[in-house]
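K.L.:
Sequence:
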Amino acid sequence: GRISELEEQVEVVDALKTTNEELKNHIRNHEAEKNALKKQHNEELQRVIRTLDRKNKDHNQKSEELRSHIKRLETDLRNLEQSKMENNGNLQIKTQELNAMSQVFNNFLSLYLPISLSDFFLIP
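Going by this note's numbering, 120 is the number at position 94 of the sequence shown; the sequence numbering is gapless.
You may find that some hints are simply not true.
To be verified - Pairwise CB distance ranges (calculated):
| no. | residue 1 | residue 2 | range |
| --- | --- | --- | --- |
| 1 | S109 | D79 | 43 to 49 Å |
| 2 | Q87 | E107 | 29 to 35 Å |
| 3 | E47 | T77 | 41 to 47 Å |
| 4 | E107 | K83 | 35 to 41 Å |
| 5 | H95 | Q118 | 30 to 36 Å |
| 6 | H85 | Q122 | 53 to 59 Å |
| 7 | Q122 | E91 | 45 to 51 Å |
| 8 | N105 | D79 | 37 to 43 Å |
| 9 | E112 | K83 | 41 to 47 Å |
| 10 | V39 | Q72 | 45 to 51 Å |
| 11 | N68 | D40 | 40 to 46 Å |
| 12 | V130 | L106 | 32 to 38 Å |
| 13 | G115 | Y138 | 32 to 38 Å |
It is worth saying that the hints were derived from the structure and are not from the lab.
The structure presented is a predicted model; accordingly, all values stated were derived computationally and were not measured.
Think of the CB as a built atom: it goes at the ideal place given N, C-alpha and C, for glycine as much as any other residue.
All chains should be modelled from the sequences, with the hints used to inform the complete structure.
P.N.:
In structure tokens form, the structure reads like this:
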């Protein structure tokens, strides 16, 4: 009785030890899997972050290029408006000069044309 009782207890202890080892192994495997997944996720995140950084840098560079392009266009526009104003001023002066010359020419014609016409037609 007593010996077989002790033998049963030893068997139970052995079984518990085995179960305990199996549980420890299971936990170790689970931890290893968890760490591998965590590492993989971190690497993926790093990749995504690098891609986003690169895209952000490209975007910022394009924005800068656009900004400086817009500044150049604004400068060109101001210069065009300036030269347009100057041209308008020159045009007004030229128009005034032409009007004055035209007036002189008309005066000249009104003075001399009647004479030269009558000479041309030999009117007595």
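K.L.:
Does each hint hold? Answer for all of them.
P.N.:
Do the hints match the structure? See the list:
1. S109 <-> D79: 43 to 49 Å: With a Cβ separation near 45 Å, S109 and D79 satisfy 43 to 49 Å, so the hint holds.
2. Q87 <-> E107: 29 to 35 Å: At roughly 31 Å between Cβ atoms, E107 and Q87 fall inside 29 to 35 Å, so the hint holds.
3. E47 <-> T77: 41 to 47 Å: The hinted range 41 to 47 Å holds for E47 and T77, with Cβ atoms some 45 Å apart.
4. E107 <-> K83: 35 to 41 Å: holds (36 Å)
5. H95 <-> Q118: 30 to 36 Å: holds (35 Å)
6. H85 <-> Q122: 53 to 59 Å: With a Cβ separation near 55 Å, H85 and Q122 satisfy 53 to 59 Å, so the hint holds.
7. Q122 <-> E91: 45 to 51 Å: holds (47 Å)
8. N105 <-> D79: 37 to 43 Å: holds (39 Å)
9. E112 <-> K83: 41 to 47 Å: The hint (41 to 47 Å, Cβ to Cβ) holds, given that E112 and K83 are roughly 44 Å apart.
10. V39 <-> Q72: 45 to 51 Å: holds (49 Å)
11. N68 <-> D40: 40 to 46 Å: Once the Cβ atoms are compared, 42 Å apart, the range 40 to 46 Å for D40 and N68 holds.
12. V130 <-> L106: 32 to 38 Å: Distance hint for V130, L106 holds at roughly 36 Å.
13. G115 <-> Y138: 32 to 38 Å: At 35 Å between Cβs, range holds.
Consistency with the previously given hints is maintained throughout, with no hint failing.
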